[in-house]
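**Student:** Protein sequence lines correspond, in order, to chains L and R.
Letter 192 of the first sequence, counting from 1, is numbered 191 in numbering that gives the first Met the number 0, and no numbers are missing.
Letter 231 of the second sequence, counting from 1, is numbered 230 in numbering that gives the first Met the number 0, and no numbers are missing.
Incorrect hints may appear among the rest.
Once the Cα atoms are required to be at most 25 Å apart in a straight line, the calculated DSS-like pairs of lysine-lysine come out as [to be verified]:
1) LYS134(L) / LYS64(L)
2) LYS68(R) / LYS51(R)
3) LYS5(R) / LYS64(L)
4) LYS91(R) / LYS134(L)
5) LYS68(R) / LYS134(L)
6) LYS51(R) / LYS5(R)
7) LYS68(R) / LYS155(R)
8) LYS155(R) / LYS109(R)
9) LYS19(L) / LYS194(L)
10) LYS109(R) / LYS128(R)
11) LYS91(R) / LYS51(R)
12) LYS51(R) / LYS128(R)
13) LYS134(L) / LYS51(R)
14) LYS64(L) / LYS51(R)
Here are a few chain L residues that sit away from chain R, every Cβ distance over 10 Å (derived from the structure) [claimed, not checked]:
15) LEU29
16) TYR73
17) LEU89
18) GLY92
19) GLY135
20) GLN136
21) ALA139
22) VAL172
23) PHE187
24) LEU208
Computed, partial: chain R to chain L, Cβ under 7 Å [stated by the list, open to error]:
25) HIS90
26) THR92
27) ALA100
28) GLN172
These aren't lab readings, by the way, just hints derived from the structure by calculation.
Quick reminder that beta carbons are idealized off the backbone N, C-alpha and C, glycines included.
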Amino acid sequence: MFDGFIQWLGNLSLMFSSAKWASLGDHLGLIFSGLGITIVASVLALALALVLGIVFGVLSASNWKPLRAVARVYVEFFQNTPLMLQVVFLGFGLPIVWPQFNAVPVLMVGVIGVGIYHGAYISEAVRAGIQSISKGQLEASLSQGMSYVQAMRHVVIPQALTVVLPPLTNQAVNLIKNTSVLLYIGAFDLMYQAKSIQAANYNPGPVYLVAMVLYFCLCYPLAFLAKRLEDRAEAAQGGGQA
Amino acid sequence: MIELIKVNKSFGSNHVLKDIDLTVPTGQKLVIIGPSGSGKSTMIRCMNMLEKPTSGRVVIDGAELTAHKAPIAQVRQSVAMVFQQFNLYPHKTVLENLTLAPIVVQGVSKEEAEDSGMAFLTRVGLREKAGEYPAQLSGGQQQRVAIARALNMHPKILLFDEPTSALDPEMIQEVLDVIVGLAEEGITMVVVTHEMGFAREAADRVVFIDEGRILEDGTPQHFFEDAQHERTKLFLSKILR
Ligand SMILES: Nc1ncnc2c1ncn2[C@@H]1O[C@H](COP(=O)(O)OP(=O)(O)O)[C@@H](O)[C@H]1O
Ligand SMILES: [Mg+2]
Numbered sequence: 000m001f002d003g004f005i006q007w008l009g010n011l012s013l014m015f016s017s018a019k020w021a022s023l024g025d026h027l028g029l030i031f032s033g034l035g036i037t038i039v040a041s042v043l044a045l046a047l048a049l050v051l052g053i054v055f056g057v058l059s060a061s062n063w064k065p066l067r068a069v070a071r072v073y074v075e076f077f078q079n080t081p082l083m084l085q086v087v088f089l090g091f092g093l094p095i096v097w098p099q100f101n102a103v104p105v106l107m108v109g110v111i112g113v114g115i116y117h118g119a120y121i122s123e124a125v126r127a128g129i130q131s132i133s134k135g136q137l138e139a140s141l142s143q144g145m146s147y148v149q150a151m152r153h154v155v156i157p158q159a160l161t162v163v164l165p166p167l168t169n170q171a172v173n174l175i176k177n178t179s180v181l182l183y184i185g186a187f188d189l190m191y192q193a194k195s196i197q198a199a200n201y202n203p204g205p206v207y208l209v210a211m212v213l214y215f216c217l218c219y220p221l222a223f224l225a226k227r228l229e230d231r232a233e234a235a236q237g238g239g240q241a
Numbered sequence: 000m001i002e003l004i005k006v007n008k009s010f011g012s013n014h015v016l017k018d019i020d021l022t023v024p025t026g027q028k029l030v031i032i033g034p035s036g037s038g039k040s041t042m043i044r045c046m047n048m049l050e051k052p053t054s055g056r057v058v059i060d061g062a063e064l065t066a067h068k069a070p071i072a073q074v075r076q077s078v079a080m081v082f083q084q085f086n087l088y089p090h091k092t093v094l095e096n097l098t099l100a101p102i103v104v105q106g107v108s109k110e111e112a113e114d115s116g117m118a119f120l121t122r123v124g125l126r127e128k129a130g131e132y133p134a135q136l137s138g139g140q141q142q143r144v145a146i147a148r149a150l151n152m153h154p155k156i157l158l159f160d161e162p163t164s165a166l167d168p169e170m171i172q173e174v175l176d177v178i179v180g181l182a183e184e185g186i187t188m189v190v191v192t193h194e195m196g197f198a199r200e201a202a203d204r205v206v207f208i209d210e211g212r213i214l215e216d217g218t219p220q221h222f223f224e225d226a227q228h229e230r231t232k233l234f235l236s237k238i239l240r
């Protein structure tokens, strides 16, 4: 057993040998261009996800059955099929039935896929946030002559935001990690670059370790923020909001 | 003037309002009394269409709210409602609670809305609370703010749905005093309440409703001393005991 441990240590030091690190050093430029693509894809996909999430979240909290049904289909479909499959379908399936889609850059295909997927989750967070605001708030606004849209904008959504912000931030973290599926459609993101450098040089140790650290640096500040927002929302509730 | 004409309201198979005919002339102070679950809230909420009648007509100052494409939001600007649970906007200060709807709905300037808002806050005795948030106020103070919020729309009609029922006993009077003060003016008021003292003191007219039907309709004196129906007498004997 002790021998086994020694052998394992040996393998570990081989995996992270200076030669392996050096072969990573040669490709650092690619790693950082991958990081850049991952950041751009995350920002664009988050923007798309927020727009979809707010629109469909408001729809699924509305009283209008047909709109609610549309929102339900969207949410259930994208929450209950794998993201990887959705992205691969967009990248390779859709162009077959709709050739014009080939003209869309690969990065955008990834952004659309990830954005739609997380839009479904954000929509659920937004719906839950709106429904957590008492019905009396909407009624008071309507009774003062506000339209449904005015009531949402000035009264319901500002309050729902406090409730929605922590889960929204968590979604942003998941979204950043999930942009790694762009690998499968060849979008030159961080995951793609890490995997191809690793394949060419057989240095998975340093490459994947560095990639992980970079993903962590993107995600952890957001996760930290989510925790802070959650604490604050809890404190506000404990403070006896009417 | 408020007119309910043959108003029926059902929730599913629960027939809550049954052929309600009621006209409230301009300036009248109407008190609605009835057992819990008799349909009082549903009836008063039909007056500003927070509940849509299943059948029948609701007409406010000649505008038929039950008509197709009726200008409901516009009419609501002159029909203010005060709720049992206050329903103040918790993310807004007291003064902002008063100015929000005048600004976004009526297009009043911020200065004007704040000036009249401060005047109404003074009137309900809460001038010094203008900058605080509703959660920092007692229940009685919150309900007075809600009344000031209603007044800042400069409404022609005020609807109160059990405005003191959610309050601790020691706070009921301060809110009733404000409502009695309003009753001395020309504004039309409809008040759902269990406060019999208030009904005697401030009402021109008392309507008693039971199981979705109007059983008594007359002066406070008629209601308290000369009720026609056994059910009314039973109710009175319980509540006045
Ligand atoms: N939104 C609603 N959905 C279903 N039933 C309701 C609703 N509002 C009121 N009801 C029912 O209508 C009846 C009358 O209620 P309500 O008008 O609130 O009575 P009151 O105000 O006199 O206590 C009750 O049986 C109540 O359960
Ligand atoms: Mg009621």
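**Student:** Hints the structure violates: just list their numbers, smallest first.
**Tutor:** 3, 11, 12, 19, 20, 21, 26 and 28
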